[in-house]
Amino acid sequence: MTERRSTPISESSASALEWIMDELGHGADIVTRAFACGGADDQPLITLVYIEGLVDPMAVNGRIVDRILDASQTLGEAASAPERLRLLKEKVLAVGGITEVQSGEHILKSLLEGHSIVLAEGSANAICANTAGGEHRGVEEPSSQTVIRGPKEGFTESIRTNVSLIRRKIKSPKLRIDYKSIGTVTQTQIAVVYLKDIANQKIVDEIHERLDGIDTDSILESGYIEEFIQDRTFTPFPTLQNLERPDAIVGGILEGQIAVIVDGTPFVLLAPVTFNRFFQSSEDYYQRFDIASFLRLIRFGSFLVSMLLPSLYIAITTFHQEMIPTTLLVSLAAQREGTPFPAIVEAFIMEITFEVLREAGVRMPRAMGSAISIVGALVLGQAAVQAGLVSAAMVIVVSFTAIANFVIPAINMATASRLIRFAMMILGGTFGLFGVMTGLMFLLIHMVSLRSFGIPFMLPMSPLSISNLKDVFIRLPWWALSTRPRLIADPKANVRQGKNQKPAPPSSSAGERNDE
Amino acid sequence: MKEKITSFQVSALIMFTIAPTGILLVPGAITAFAKQNAWQSAVLGTLIGIGIAALIGYICNQNPGMPLMTWLERRFGRWACVLIGLFLARYYITVSVITLSEFSNFISDEVLHRTPQWLTMTIIMLVVLYAVGQGIETIVRVNMITFLVSALLIAAGSLLIVENMHAKPLLPLWEGSFAPVLKGSLLPASWLSEVAVLLLLAPYIKEKNSAIRTGVAGVALAGAAISATVAVSIATFGPKLVPLITYPGFFIVSVVEIGSLLERLEIVFISIWLLTMYLKLSVLMFGAAQCLIQTFRIRSERPFLLALGLFVVLNAICSWGNAADFYSFTVKAGFLDLLFSNVLLPALIAAGLLVTAKGTRRQRSYDANDS
Amino acid sequence: MTRTIRKGMLAAACLAVCLMLSGCWDRTELNELAITSATSFDKTDKGWTISYQVIIPSAISSGYGSGASGGGSAPITVYTTSGKTIREAVSRSVLESPRQLYFAHNRVLIVSERAARAGMNAILDVYFRQPEARETVNILIAEGDPSRMLRQLFAMQRISGEGLQSLIAKESRIDSMLPAVKVYEFAMSIVGDARSGVLPEIYIGGSPDVNGTDQLSKTSLTARLKLGRLALFKADQMVGWLNQREALGVSFIADRIKFATFAFPCGNRGQTEQLGTFRITKSSTKLVPRRAGDRLTMDVRIRTEGALEEMNCALDLLDPSVLQQLEARLKEEIENFVDEAWEAVRTQKTDVLGFADAVHRHDPKYWKKLKKNWDEQFAAISMKTDVKVKIERVGVSTKSFKKLEEQDTE
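Residue numbers (the numbering used here), protein chains in the order written: chain A, 322 to 837; chain B, 85 to 455; chain C, 11 to 420.
One chain only, chain A, in its complex shape (with noise of 0.2 Å):
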């Protein structure tokens, strides 16, 4: 980091005006703007400094310019600076948020962060008013995790409207959120959002420190701090969610996790997490719990299709061909006549074929996308087959996988997966099942090993927390959820709501009462 220096304001705003500017490099989007107030021409008792477009230009012409044209009788026969700087921030400035401040420093950062400066002849002191605003994306649906029932609002790339959006979720005082900024360059803002007493003190400590110890020039969106702070960087598997939904992130906040927003992009960081949390969506609390419980089955049998398929594809088709049951083995052995590569060249040509396609329509401008589909379903469904150049079973397997992925509401999940998918195809097409087993061996000690904050990752199923289960693979009723998740959150606020609350009909039957 630079070394802090102070630079003391000078006394003559004139002069403090052309530091600012210097060190600003006379940018054109700097406005100044005078107040003579009765005092000399050349010599104005007040000066107004500010960005164009960092500020809320309503709040500039509205709260300060106005009020300082208003009162600048007043302000003109104040006796001192000292004076007219006390009433400036006492009687005149109309805005929440306000300093004085001593140092040169302070003042081009609070201009950076959309203040408005007021400097006053003859004193070393400044006011900072803060009027940051400017244009914004409003609250919008969130793009990249959708629900059909739940809340429609998501996270913004303003870390003001971020928190706002979880502190209207949570009415509580022991919500904490501490800020610090990072980047020293940038210097942008990453706030920590937790529930005092119910998040684990220790992880939120771990947190701190990790993020206190990052020194970069520059964040400019949270997957850089996600790299910086996770414990293990040769994994394929996230050890932070990133998430775009508020109620997902409440959700998680409510449950002892902790929250990283960082300023400048809508995806908020959700820590300590383990390896179920990316296989739930926020939906399954707001539906019925029978069709979620159904639904997570679905998405772990998905993200398994997704990892293995081809993989096993390959295997029992080039190895274990007596596992298949005869009538399919003999039409697969049909397709395959003619087909001029092995299996596993065959899964790797479409795999590859499928990523490149993927990775278009994710690049290409809007438009043109039906145009990919269009060339994908053709050129790799039916005319490779036609053409004898891959077998059609081949291409029913690496489309379901395709389709399995995205299942997984966890974008970064599914990209692990589709990376262990290749492993697993050499591995598949070298050692038959024996690989494939090797490979899960190698994947379960790793995933076993790994930790986020210090949590283990595969949480309830290894070590075997049966309490914690009832919302792994399936999710009990809301009535039946009575405690958190054990070992992410304080173990003293382990319960979360009462017992017995299991709804049952009236006692005694009300509804013939009212029919009579």
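Using C-beta positions, here's what the derived DEER-type ranges look like:
1) 419(B) x 548(A): 53 to 61 Å
2) 246(B) x 689(A): 55 to 63 Å
3) 412(B) x 253(C): 46 to 54 Å
4) 246(B) x 135(C): 27 to 35 Å
Worth flagging that the hints you see were computed from the coordinates, not collected in a lab. Ideal Cβ positions, reconstructed from N, Cα and C, are used throughout, including at glycine.
Guided by the hints, dock chains B and C onto chain A, whose structure is given.
Positioned in the frame of chain A, the structure of chains B and C alone reads:
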């Protein structure tokens, strides 16, 4: 000693240290002795095994939570510790070599007939070393997941094979003398004596003084698995056919046919079995490595592990010329080695502990004062 | 940091080695396999002659691959090789088959009577030694050249090996005359206490054989594969045949009846022209050996339930006494089956009825004495049958059609 594991986890780990090779090789061997009463042999063997587990557990409970070798050194002095450490390390290395050979023999018999064994052995060893390198906590946790999966699979499997089972081959119950049953029980008992690995695991257990419970539960689980496999294979194939089949445990599943869709299911069972086999080998390698590391206070564990792995692989490749050599070694020498290292040596240690018991009491009170 | 990177590089190197090595050893593409659906064994003076029925996938599922369309070409092809031992003969197939023979999907094993009389041990040994071969294969016995059976086509089942298997499996399930015997079951029975076994026979009824798809275009095939008699084995050698009636009797005694349908005289005693049909839905048999001095008596207790499926006698089936009478006739008929079977196996001195197991279980000590010359002892047993039949249902119409006719004429 910062890693901590629970008693239940260790029981499950002991089960998977014994059961994988147990269910593979025991049924054929003891059915040859005890015919239709082989399951009684297995049950009897389990009872003997429980006795051994209690002995081991007794020794472990004396240990105030130090690594085994450090503790023994304190009790018996440096030279006795080095002797025991070397002997145990030799034992674990031998068993690792045997298990690795069995594992890779099985794979080349059943799955990959033409892949050279040195390659399968190397791959197995790489995974095992990775597990051992991650520490006992990781091994135990992987074991827990495998335990859950295999429990589900076994439940499903037993539903499927019910149709092929008959009570008739298990009858008559008490035919002939008890001698063959007793003789047959020695083999499962010797397998179950592998519970001695608890000596190394006990210091990591969270619950104090739970070693006896842990060991007995682990042996009971493994013994139940072996006995059930024996009983089911006899009920399915009859006492005459079982000794003829190399791997009866899997053969049971291979005869399951449900319509034309579900058949040849043994490969699914073999796949899960592979996982348990990895665990077994990991535990044994962990034992070998820990014995040496603790005895000689080795600092740089990773290069040492790599060297140990290489040593075991080379040993497995070069030791036996053919299947008959290997078989006669495991049945004759291996059997004795198991009993000696897992029963006799712990018994000696227990005797030593009793003799030096006075010393401990003094030391314990000293420790108590110290803290 | 550098250590992890070095480790990563090591892992990558290993992976690369794996990749380079792939394509060797055990990998077999589906189009390098000759999937065998049935095999036959014949033994001559020179050694073994083995035939394989190999599936031609492209002929079966049309529309894909090299453009070979289904319909026209035969779905299977048959290779025949010979050698001094079984595996030698199998390995000779390399000389003529462009693809590797693959036996895991083999469904049936047809053994010639000649080979069966010489002994099945060699075949069983091969089956238990080879991991690839399925022990769940059904065995059939054929009189004469067994490879003829492999060449025969089914009208509906394109893979004839599978057709053969479903033929015998279905028969043993719904008619219980001939049991479907798998390799491991056969092995179990011939090493069991009785050292004997049974296998069903397959033969071709009619001529000429249906060997080409052009013959399949007709509505009635000139020849069909049919199940015939039951072959009796003493140890691993075949000793004789039982006809289907005797085979049903054996099934009754050996408690192998799942379902069975047979005709029986429904009129008064002695009348045999008028027949009814009975379908067994549930049957169990208990063998109880009893010792009287040196003689062994075997009580065969058969309990059978079932339904009337056909009735040609003029009887009122609502009358309980009529049902009792019918049950008595059924009992007689079943006793006939059992007696005929008993006579047949007794003359062969082959215990395929499960008597040895029953004695062994009932009285292990006595069994030790009998064990040495069980075949003789078996022939000397006197058998007592105790049959109870229960007619559970009589069908939807309570009176026979004939009865209605008689009422009308009255």
